[in-house]
Amino acid sequence: MTHPPRILVVDDEASMREMISILLKRQGYEVVTANSGHQASEILDADTAFELIITDLLMDRGGGLELLDRVKSQQLQCEVILITAYGTAESAVEAMKKGAFDYVTKPFNVDEFLIIVRQAIERLQLIRENLDLKARVRGEYRFADIIGRSPAMKAVISLCRKVADSPSTVLISGESGTGKELVARALHFGGQRAQKPFVAINCGALPEQLMESELFGHVKGAFTGATEDKQGLFRAADGGSIFLDEVGELPMPLQVKMLRVLQNHLVRPIGCAEEQPVDVRVIAATNRELEGQVEQGQFRRDLFYRLNVFQIKVPPLRERREDLAPLVEHLLERHAVGSAGALRKIAPSALRALMAHDFPGNVRELANIIERASVLATTDQIAVEDLPPEVQQRDGPTASHAQRLPEEGIDLDQTLELIERSLIEQALERTGGVRKAAAALLGITFRSLRYRLQKLGWDQPENETN
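Residue numbers for the sequence shown follow the numbering used here, beginning at 8 and rising by one.
Among the hints, a few may not be true.
Restricting the straight-line Cα-Cα distance to at most 20 Å, the calculated cross-link-like pairs of lysine-lysine (PhoX-like) are [unchecked claim]: (1) K227 / K203; (2) K264 / K161; (3) K79 / K113; (4) K227 / K237; (5) K320 / K169.
Keep in mind that the hints were calculated from the coordinates and are not lab data.
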């Protein structure tokens, strides 16, 4: 909270208003007063930025309960404390049912009163932080934040939007580090199950003997070490989504049980005689070719079909290089926020070096590179020297990169614009921003360069001293 907590004090007795106001101001609070519920309503019409309202219960022109009703009906983010000399158990219960934070009878103990005030404001801060966290989570995983302007990623985003609300299973395929879990979270938080649990498990990270218990639970005494009942991840995700990462690692006996869960929406904890219903949307991911595993008898064909109702293929980063610049910008912003540091930019030469890198680790590798470079950079701009040695060795796209055409095709206009922008940036960097010299390097006229800069939205002031 950047400003002192603001409190609206409402009482028709001037002496009481003044006493409470002085008391609160001494504690560092900002205080506004009103002599009636009617005047308080007028104040709230113009300014709703209060953390707390302290109001007398009985007043001639609009009582405290009416003011409480207004706060709750308009969903104002503030707490309400009611004060009265005529308090009864009935009015206290009514006030609490309507959503009052607390109820104080005057004359009151000053220390106890200040404790209640502090607790009310702390509760509101907690509520606001929780709402802010939920908003950030929704923002982080909404479809618009799956970064990508390449045709392949546009297709991924489009399919995500179409199937987010469907209860059908989704199989996300792609190399390690491409962002399969991000897509899974986007499907969950972008759909109608967003307010329910999202539970993720890596099927290759658990020993086979523990996996069934982890997924479906067990009852006390089911096996040695089962000292209490365990719910299992499917039941923990009831109403929401479960993400089975590296689903190809499931052992064959567990594949049979997984198929039954998908078919009947029932789970049976180990040691339990009865099956239990679950309402869970299953999202699976794999970096393997499951079709090949099916042909080799390593993965059940019927389970594959159950999981593969919708398949979303996340392309590797090397096949969508036009997404690299926006990804770098996004990662720099995220790192600046996460580390409370200054927002850095990336030098054109450093971006060229990244463009020439193959990224065997995909987006995960890029995220690590940007985090490392942000720490090492000594200025507000990441330079080539801040990149890992294996990336520094390349400064510009190779012919093979320029000629490689992804299987899904490209947006030629966007690709040419990217190349044009990169070459112009290199020329301007080499000439210190002197546009006439940059135009000569590019073999075009100064007028042509100026037109291209305007088309690309380049807003750097001209340096025409040479």
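Each hint, compared with the structure:
no., hint, verdict
1, K227 / K203, "27 Å, violated"
2, K264 / K161, "36 Å, violated"
3, K79 / K113, "24 Å, violated"
4, K227 / K237, "8 Å, holds"
5, K320 / K169, "15 Å, holds"
Checked against the numbered hints listed earlier, the structure breaks hints 1, 2, 3; every other hint is satisfied.
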